[in-house]
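Since the structure of chain U is provided, determine the placement of chain C on it from the hints.
Here the protein sequences line up with chains U and C, keeping their order.
In this note's numbering, each residue's number is its place in the first sequence (first place is 1) plus 5.
Just so it is clear: in the second sequence, position 64 is 59 by this note's numbering, and no numbers are missing.
Hint data in this document are derived by calculation from the structure and do not stem from the laboratory.
All values derive from a computational prediction rather than experimental measurement.
Hints may be right or wrong, so weigh each one.
[Claimed, not checked] Chain U regions said to be covered by chain C (calculated; three or more residues, Cβ under 8 Å):
#1 21 to 29
#2 42 to 52
#3 135 to 143
#4 266 to 278
#5 403 to 410
Using N, Cα and C, we set each Cβ at its ideal position, and we do this for glycine too.
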Amino acid sequence: MADYKQMWTDLGMDLEKHDLLCEVLPEAFGGVYLSQQNRPQGMGFYDFVVSEIHGVRPAEMLEHQKQGGKVFGTFCVYVPDEVVFAAGGIAAGLCGGSQFWVSGGEKVLPANTCPLIKASVGARLDKTCPFFLIPDMYVGETTCDGKKKAWEILAGEVPFHIIDVPQMKRDKDVAAFEAEIMDFIAMVEKVTGNKITAERLGESIKLINNKRKGLQRLYNARKASPVPISGKDALLVTQIAFYDDPARCAQMANQLAEELEERVARQEGVFPANALRIMVSGTPMAIPNWKLHHIIETAGAAVVVEESCTGTRYFENLVDESATTVEGQVRALAERYMKTNCACFTPNPGRVEDIVRLADEYKVDGIIDTNLQFCNLYSTESFLVKQALADKGLPVMHIETDYSEQDYEQLRTRIEAFLEMLRK
Amino acid sequence: MESHEYDWYILFPNHHQGLRLNRELKEQGIKNTIAPTPREASTSCGMSLIVGEADLESIMAVIEAKSIIIEKIVKIARKEWQYRSC
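Chain U extracted, bound-state conformation (with noise of 0.2 Å):
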């Protein structure tokens, strides 16, 4: 068997804690995944990633950094990571999505703190997770209060950087995260010794972006009816986009899709033509969270996407190419990342919208509107969310949960009960 063991040695890793999340992975991978029907054979790639998920990546980053190149790990889609591949290092998103790190996080964090955070902090404290052991440099931002305070932290333990992300979109707005970019550009310079110029910075804007298209692609293949694609699968595919290298996410999404776009025009799917197609929008589901999809599938529905950070909201938008300097390439950039409609903005109308939108376009019976455990900000939009949708006839119901098991028979009878009605 592949034997990381000495990779995680070198890295500082508590390898007896380490193992009680290596021996739960395959069950819980299995329970969720390995248990569908008719899976696309392009899964294949992202089942490989799971099955070695501390081992391949965390080891090609460790190789980069072998050749003397950097790596920068992240927590939004608000940090732009075209200006971390345009220096030549590597940007991951760290964001933990287990269970098994949030007892870590509680021993300095607040309890009332949502799991998103606790997970990512108890991963790097309790040293279990070797893509929090290997960057160089934190990039935080300032989406919400929990994490502003939990870079403080965290900045006791690896070099921090803090991309301070507007709360409002104007025009002034705009331009102080263009600002906020390049000061990014100047850290990610000191920290790389690398120059980024027009150039670089101009193949890594289309880097990015062929990665956004084939995301986008993928999800396309999602509005047909039968869906050719489970909702868990699609959400693993960019779960995984958030740390793989970015060309290869785009061949392998492209691949899938391709696939994919096979099926739909053999009008092959994986739940029946007439399942109930469901919106799931809100909070992120960090990789291994997959709790609230398995509940709606093994329901009968199909998730048919997602208005969240894990889904369109990370790669939708893309940046404007034409720009020839790095002063434009900055204004592109800020212009499309202030497009994303986080609840971190007040007002925050484009949120909805976008929500409208999705609902008509993937043609959804039912949105669920969900936000992870003490998530004030999508917390408090979800009454916004459920006044709008209810204007325009669009069935909705709003959960809060975590990464626990302890709500899941709970949650299954919530939505069985929605499901039914929108049966009716």
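Here is chain C on its own, set in the frame of chain U:
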């Protein structure tokens, strides 16, 4: 016990060998699924291939013909997959 109550896992010394066999079997139309290796099969992490018992003979022929190195083949009683968080 009936053979259909078991899953057969092929384990490898490294993922390169596992991916090679996965590719060869795919080309020959032999069903196989990449999966994390269950603890019952090995205490090491990493990928294995789940295959059907009926295909074992043909798979062994491919392994030999293509000089693919495997670690072992493990027969594990099939269990009903249950949801659990990780």
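Any hints this thing doesn't respect? Which numbers, in order? 3 and 4
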